[in-house]
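Trainee: Dock chain B against the given chain A, drawing on the hints supplied.
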Amino acid sequence: MNQRSPQRDEKPFDPRDEIIEHLPSLRAFAMSLTRNPSAADDLVHDTIVKAWSKFNLYKPGTNLRAWLLTILRNTYYSGRRKQAREVSDTDGAMTERLASKPDHDGRLALADLASAFARLPAEQREVLVLVGAMGFSIEEAAQTCGCAPGTVKSRANRGRRALADLLGLNEGEGMDLTENTTLAVISAQAVAG
Amino acid sequence: MMMTDETRSSREPVSVPPAVERQIDENLKLLYQQQLQDDLPDSLKALVEKLRAKDQKR
Chain A
858 MNQRSPQRDE KPFDPRDEII EHLPSLRAFA MSLTRNPSAA DDLVHDTIVK
908 AWSKFNLYKP GTNLRAWLLT ILRNTYYSGR RKQAREVSDT DGAMTERLAS
958 KPDHDGRLAL ADLASAFARL PAEQREVLVL VGAMGFSIEE AAQTCGCAPG
1008 TVKSRANRGR RALADLLGLN EGEGMDLTEN TTLAVISAQA VAG
Chain B
377 MMMTDETRSS REPVSVPPAV ERQIDENLKL LYQQQLQDDL PDSLKALVEK
427 LRAKDQKR
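Here the protein sequences line up with chains A and B, keeping their order. For the first sequence, this note's numbering assigns the number 858 to the initial residue and increments by one for each residue that follows. For the second sequence, this note's numbering assigns the number 377 to the initial residue and increments by one for each residue that follows.
Only chain A is shown next, with the shape it has when bound in the complex (with noise of 0.2 angstroms):
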């Protein structure tokens, strides 16, 4: 019988090597707090640098993308609050790229959500990007946040209502973002940008 030997064959999990796969996840929550790809990337770097460091404080077996996720989210206060003052010049350049007027129906609504999601405040941003884009459960968010589940649920229900005013939606009123087209453009925005 060909027993393997867990011992000889299992590499010990070594997190530096899953890293590349969660910077996807990292850029896109980073764009979601910065909302400028530039200056995603730079949180995104400073991210990588700080979680190399600390990778002996990780616990394996926990999870990983919330844990670079939190390095990601205190680095980005860290900053704030170094600079005192939003980067409100860049965010208006950013909001007004994807409010410009569009050609198509789709491309208006989709447009709309990014346009209505960049005029909400950091707190309602991350929230809504962890519960309702990134499938994170309430106490899986309030810990990558550092806060409370009810302060979680707060943010998230202020940032939709938030959104449901800017956007003009109520009960029964569609917003029709699923064409290809529509996704394409925003693709082509975002790279542009």
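Read the hints as simulated data drawn from the structure, not as lab findings.
Heads up, simulated SDA-like pairs for lysine to any residue below, C-alpha to C-alpha not over 20 angstroms straight-line:
#1 B:421 <-> A:902
#2 B:405 <-> A:978
#3 A:907 <-> B:430
#4 A:907 <-> A:877
#5 A:1010 <-> B:405
#6 A:1010 <-> A:978
#7 A:907 <-> B:424
#8 B:426 <-> A:899
#9 B:421 <-> A:878
#10 A:1010 <-> B:390
#11 B:421 <-> A:921
#12 B:430 <-> A:873
#13 B:426 <-> A:909
#14 B:430 <-> A:877
#15 B:405 <-> A:894
#16 A:907 <-> B:428
#17 B:405 <-> A:979
#18 B:405 <-> B:394
#19 B:426 <-> A:881
#20 B:430 <-> A:902
#21 A:939 <-> A:906
#22 A:907 <-> B:425
#23 B:430 <-> A:875
#24 A:939 <-> A:978
#25 B:426 <-> A:878
#26 B:421 <-> A:899
#27 A:1010 <-> B:395
#28 B:421 <-> A:928
#29 A:916 <-> A:870
Part of the chain B face toward chain A, derived, beta carbon under 8 angstroms:
#30 390
#31 399
#32 401
#33 407
#34 416
#35 427
A virtual CB, placed ideally from N, CA and C, is assigned to each residue, including glycine.
Mentor: Okay, now just chain B, sitting in the frame of chain A:
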């Protein structure tokens, strides 16, 4: 104007109807999925390789 917690009356109902919540979340997922498909900057991949190589030298 930035929508903040302070700009909304505490008496106003905050939650959106479940159908609207679902609609918003589904479309946020679309935006997020689209961003996941964006090409990663080479500089980020290069940084990971650089850090890995640095570790191996130790």
